[in-house]
Each structure stands twice: as C-alpha cells, then as structure tokens.
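Asks: Protein chains in written order, with our numbering: chain D, 1 to 89; chain S, 90 to 547.
It should be emphasised that the hints constitute simulated quantities derived from the structure, not laboratory data. Predicted, not measured: the structure shown is a model, and the values here were computed from it. The C-beta atom is built at its ideal place from N, Cα and C for all residues, glycine as well.
Footprint (simulated), chain D over chain S, 3 or more residues, beta carbon under 8 Å: (1) 102-116; (2) 136-143; (3) 148-154; (4) 291-304; (5) 321-329; (6) 423-435.
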Amino acid sequence: MDINILTVFILAIFVGIEIISKVPPTLHTPLMSGSNAISGIAIVGAIIATKVGGGTGTWLGLIAVIFGTINVVGGFMVTDRMLKMFKRK
Amino acid sequence: MVYTNIFYVLASVLFILGIKKLSHPRTARNGNMIAFIGMMIAIVATLLAKHEIEIDFQLIAIGIVVGIIIGATFAIKVQMTQMPQMVAIFNGFGGGASALVAAAEFLKTGEITTFTLGTIILSIFVGTLTFTGSFIAFGKLQGFVSGQPIVFPGQQVFNALMALALLIVGVYLVQIPGEINYFYAVVIISAIMGITLTIPIGGADMPVVISLLNSYSGVAAAATGFVLMNNGLIISGALVGASGLILTNIMCKGMNRSLANVIFGAVGLAQESTGDSTTKQITVKSYSTEEAAMIFDAAEKVIVVPGYGLAVAQAQHAVREVAEFLEGKGKQVLYAIHPVAGRMPGHMNVLLAEANIPYEQLKDLDEINPEFEDCDVALVLGANDVVNPAARHDKSSPIYGMPILDVDKSRTVIINKRTMNTGFAGIQNELFGFDNSIMVFGDAKDMLQQLLKDLKEL
Numbered sequence: 001m002d003i004n005i006l007t008v009f010i011l012a013i014f015v016g017i018e019i020i021s022k023v024p025p026t027l028h029t030p031l032m033s034g035s036n037a038i039s040g041i042a043i044v045g046a047i048i049a050t051k052v053g054g055g056t057g058t059w060l061g062l063i064a065v066i067f068g069t070i071n072v073v074g075g076f077m078v079t080d081r082m083l084k085m086f087k088r089k
Numbered sequence: 090m091v092y093t094n095i096f097y098v099l100a101s102v103l104f105i106l107g108i109k110k111l112s113h114p115r116t117a118r119n120g121n122m123i124a125f126i127g128m129m130i131a132i133v134a135t136l137l138a139k140h141e142i143e144i145d146f147q148l149i150a151i152g153i154v155v156g157i158i159i160g161a162t163f164a165i166k167v168q169m170t171q172m173p174q175m176v177a178i179f180n181g182f183g184g185g186a187s188a189l190v191a192a193a194e195f196l197k198t199g200e201i202t203t204f205t206l207g208t209i210i211l212s213i214f215v216g217t218l219t220f221t222g223s224f225i226a227f228g229k230l231q232g233f234v235s236g237q238p239i240v241f242p243g244q245q246v247f248n249a250l251m252a253l254a255l256l257i258v259g260v261y262l263v264q265i266p267g268e269i270n271y272f273y274a275v276v277i278i279s280a281i282m283g284i285t286l287t288i289p290i291g292g293a294d295m296p297v298v299i300s301l302l303n304s305y306s307g308v309a310a311a312a313t314g315f316v317l318m319n320n321g322l323i324i325s326g327a328l329v330g331a332s333g334l335i336l337t338n339i340m341c342k343g344m345n346r347s348l349a350n351v352i353f354g355a356v357g358l359a360q361e362s363t364g365d366s367t368t369k370q371i372t373v374k375s376y377s378t379e380e381a382a383m384i385f386d387a388a389e390k391v392i393v394v395p396g397y398g399l400a401v402a403q404a405q406h407a408v409r410e411v412a413e414f415l416e417g418k419g420k421q422v423l424y425a426i427h428p429v430a431g432r433m434p435g436h437m438n439v440l441l442a443e444a445n446i447p448y449e450q451l452k453d454l455d456e457i458n459p460e461f462e463d464c465d466v467a468l469v470l471g472a473n474d475v476v477n478p479a480a481r482h483d484k485s486s487p488i489y490g491m492p493i494l495d496v497d498k499s500r501t502v503i504i505n506k507r508t509m510n511t512g513f514a515g516i517q518n519e520l521f522g523f524d525n526s527i528m529v530f531g532d533a534k535d536m537l538q539q540l541l542k543d544l545k546e547l
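Just need the whole structure built from these sequences, with the hints factored in.
Replies: Have a look at this one:
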C-alpha cells in the first residue's frame with residue numbers, strides 16, 4: 001500500500017483534533033451537522049461508481065449519489081439555518 | 090486525474106478553514122459557507138475529470154436532483170427541537186453512501202488487491218453499522234422506537250459472537266473474493282450489529298450515541314477513501330471522525346462515564362432500588378405560578394437551567410418572554426447549560442438561539458457554577474439528573490461523580506416538572522425535598538406563560 005496516503009490520514013486527524021477542540025460548546029450542534037455534511041464527500045466516490053453499463057455496481061452508485069446529496073445539501077442547509085439564529089445582544 | 094487531485098486538496102483546505110471559523114458564532118456562518126464551496130469544488134471537479142471509465146451523467150443527474158429534493162425538504166421543514174433526529178438520520182445517509190461506494194467497488198470486475206479488499210470490508214462494516222444504528226437512534230428520538238434501553242438476555246455475548254463471525258467471514262472474503270455469499274454476510278452482520286449496539290442505549294445517553302455515529306460516518310468516508318485511494322475522502326473523513334470522537338469524549342466526561350459504560354451499561358433501565366438514599370421518602374413543596382411570581386419579583390439574579398423537558402414542551406420562546414420581562418425590571422438573567430442537557434451536544438444552545446436569546450447569556454458548567462452562590466432564583470425547566478446533588482456525595486447513585494449544576498446553592502430553586510416521575514437515571518432527586526426548593530408542576534410552556542401573566546399582574 002501507499003504509505004503517503006496513510007500519512008495524509010494521520011496528519012488530517014491531528015489537524016481535525018486541533019481545530020475542533022477550539023469550537024465552543026454553544027456551537028456543538030452546528031459543528032455536528034456541518035461536519036456531517038462534510039462526510040457527504042462520499043458522493044465523489046459515488047459519482048465514479050456510476051459506470052455506464054456497470055450492472056449492480058452502477059445502481060449502488062446511484063443510491064450512493066442520492067444518499068450523498070441528501071447528506072451534503074441537507075447538512076449544509078440546516079447548519080446555515082441554525083447559525084443564522086445565533087445572535088448577539 | 091492529477092488536476093482533479095489538486096481540486097481535492099483545495100476542497101480539503103476549505104473544509105479545514107470552514108471548521109476553523111466555527112470557533113466563534115460571529116464567523117461560523119461564513120465557515121459553513123466556505124466548507125460548502127469546498128464541497129462544490131470537489132463535486133464539480135469529479136464530474137469534469139477524465140475517468141478511466143465512462144460515468145453515467147444521466148444517472149448522476151437523477152441522483153442529485155432526488156437528493157436535493159429530499160435533503161432540502163428535511164432541512165427546511167425540521168423544527169429545532171427535532172434537530173437530534175435530523176442529525177442522526179443524516180449521519181445514517183453519510184455512512185450508507187460510503188458503504189454503497191465500497192460495495193460498488195467490490196462488485197466491479199477486475200483485480201482487487203488484498204489491501205483494497207480489507208478496506209472495502211472495513212468501509213462496508215462501519216458504513217452499514219452507521220446506517221442501521223442511525224435509523225434506530227432516529228426512531229428512538231422520534232418516538233417510533235422505545236426510548237428506554239431495550240435489552241435481551243445474552244446481548245453482550247450475542248454482540249461478541251457477531252463481531253467474531255464478522256472477523257471470520259471477513260478473513261474468508263479476503264482469501265476468496267469471488268465468493269459473493271461472504272460479501273452478503275459482511276453486510277448483514279454489520280447491519281445487525283448497528284441495531285443491537287444501539288437499542289440498549291437509553292434516551293438521555295443519546296448525545297453520546299449521536300456523537301459516536303457522527304464519528305463513524307467520518308471513519309466510513311475515510312475507509313472508502315482508502316478503497317479509492319482518494320485524498321479528498323481520506324482528509325474529510327479524518328476531520329469528521331476526529332470531530333465526532335472529541336464530542337463523544339466531551340459527552341462522556343459530562344456524565345462521568347466511560348464510553349464502554351454508555352454502550353454496554355444500559356443505564357436508565359428501571360432498577361431495583363439499592364441503598365437508603367433511593368428509598369428515602371421526599372416531601373416536596375408545591376407552589377402555584379402566582380406564588381412563584383412573587384419570588385421572582387423579589388429576586389435580582391435569576392439563572393435558568395434548561396433540560397430536555399424544555400425541548401419537549403417547545404418552551405424556548407416562552408422562556409425568552411419571561412426572561413425579557415424580568416430583565417425589563419432590571420433583573421439579571423443567565424442560562425446554565427450542562428454539556429449533556431438535551432439529546433445532542435449543543436441541543437439547548439440551538440433551541441435558545443432560535444428564541445433569539447443572545448449567546449453571551451448562555452454559560453457552560455465551569456462558568457456558571459460559581460454564579461449560583463449569589464443567585465436568588467435558579468429556575469430548573471425539565472432538567473433532573475444534571476441538577477441532582479446525589480452526584481456529589483452518594484456513592485451508590487448511578488450518577489455519582491457526574492459534574493452537576495450547583496443549583497442548590499441558590500437562595501431559592503424553582504423546579505418545573507410535569508410530574509414527580511424520576512429522571513432518566515431512574516432515581517429520585519433529593520434536590521426536590523431541600524428547604525430552598527419549590528416545585529411548580531405542569532408543562533413547561535403552559536407554566537411559563539401563566540407565570541408571565543402572574544408577573545404582569547403583580
């Protein structure tokens with residue numbers, strides 16, 4: 001296997017811990033829904049899976065595109081809706 | 090493909106910058122927008138890239154349109170009180186998408202290396218478990234499935250056997266990738282484990298479960314990234330995995346329990362009473378809202394302690410109205426937010442933000458506890474275990490050691506509950522019987538509206 005890809009993974013975890021620890025408790029729900037939207041990145045893989053004439057795999061790809069889009073669109077929209085509400089005095 | 094990778098790097102940078110901006114409510118909305126732009130870049134770059142295979146644009150268009158309709162409907166229609174369910178179900182879709190991509194990769198004919206096979210199995214396992222687990226969590230929060238822990242004899246053994254079976258089938262599948270039945274077995278076992286690991290967890294432990302499922306959805310995306318050798322998926326997955334893990338940790342600390350205890354402990358199950366403290370009879374003073382209004386009238390500093398009961402009663406706007414009235418009379422009003430109040434991390438903050446309560450007035454545990462010393466009235470709304478003083482001294486209590494809000498240090502504690510039923514942990518709260526405690530029974534919203542009326546008539 002490619003060691004570079006493991007390096008990227010581990011460094012990304014450290015970056016994640018570093019930046020997420022700084023998110024205040026008041027924003028934990030938007031953090032969850034926002035990061036949830038980011039995990040919809042699987043849609044990128046889903047797009048590649050929809051090979052023309054790929055049989056079952058293609059159909060799984062289609063469902064994955066639907067799931068991924070729900071995740072991305074719903075996640076970012078609902079996070080925005082929440083963050084709009086956080087107001088100062 | 091090289092160019093596409095550059096765009097994935099750009100997308101990852103935007104995700105990181107976006108989360109970084111979530112560190113303050115002022116910049117958070119921009120941050121979310123930045124992350125969204127990153128996602129658009131990743132998707133468009135993938136669509137435009139030259140792939141070794143021909144991708145089906147028509148199918149993709151259909152998928153995206155269907156996804157947008159469903160996702161946007163959810164996002165627009167959901168009420169703030171239902172946010173935990175919403176996040177739970179979205180976690181499920183994310184995990185499901187990752188598992189499906191890995192499965193599609195498996196079904197693609199051609200050489201598959203042992204490493205890729207291993208990551209495919211991992212991705213399918215975590216993704217499917219996230220999918221079914223999230224739907225159970227959704228069902229519990231929405232009330233389709235009992236919020237009580239559901240346990241059956243030998244549950245732990247059953248889970249252990251399932252894990253073992255998965256390991257064996259997984260090893261076989263790596264040896265003989267052509268055997269499709271092993272593949273199905275991996276999917277089925279993962280799906281069952283998602284259910285059996287989630288049903289024994291009770292309602293108030295949901296913050297931990299949702300955080301954990303959030304983390305899993307990230308791990309599943311990262312595993313799929315290893316399958317596809319795609320840095321974009323790996324980095325995003327790692328970020329989300331870390332985020333969920335940190336939140337899980339914060340939630341566990343908020344309850345002074347280990348993750349293992351939350352997952353396997355089935356706390357909240359009606360327990361046989363042990364020790365004296367739980368059997369002791371408590372005599373409480375029950376006041377009307379009129380009497381309570383007089384106490385508020387004499388107070389200078391009021392701290393509101395919201396709990397899940399507030400969310401159930403949709404009482405966030407009623408709270409604000411009462412608070413605004415009191416502030417108009419020159420009184421100080423603060424809000425004490427326990428880390429595990431509600432059903433997900435930050436649940437109370439979102440509800441109160443919806444009611445236009447400025448976030449500066451919302452204080453977390455460490456900040457607010459010293460404030461109770463000179464507080465005239467602590468108003469506890471639908472919270473129970475997080476204000477139970479037994480956590481400080483009663484070693485036999487299931488919540489012993491849990492950090493609590495020191496409401497009992499206030500001059501007067503006014504507790505609103507619907508009934509005298511015990512809290513989630515199934516134990517009676519000695520706070521209710523304290524000399525400085527007063528109970529006002531009723532639905533939180535009705536009670537607050539009545540209280541406001543009575544305050545105005547004084």
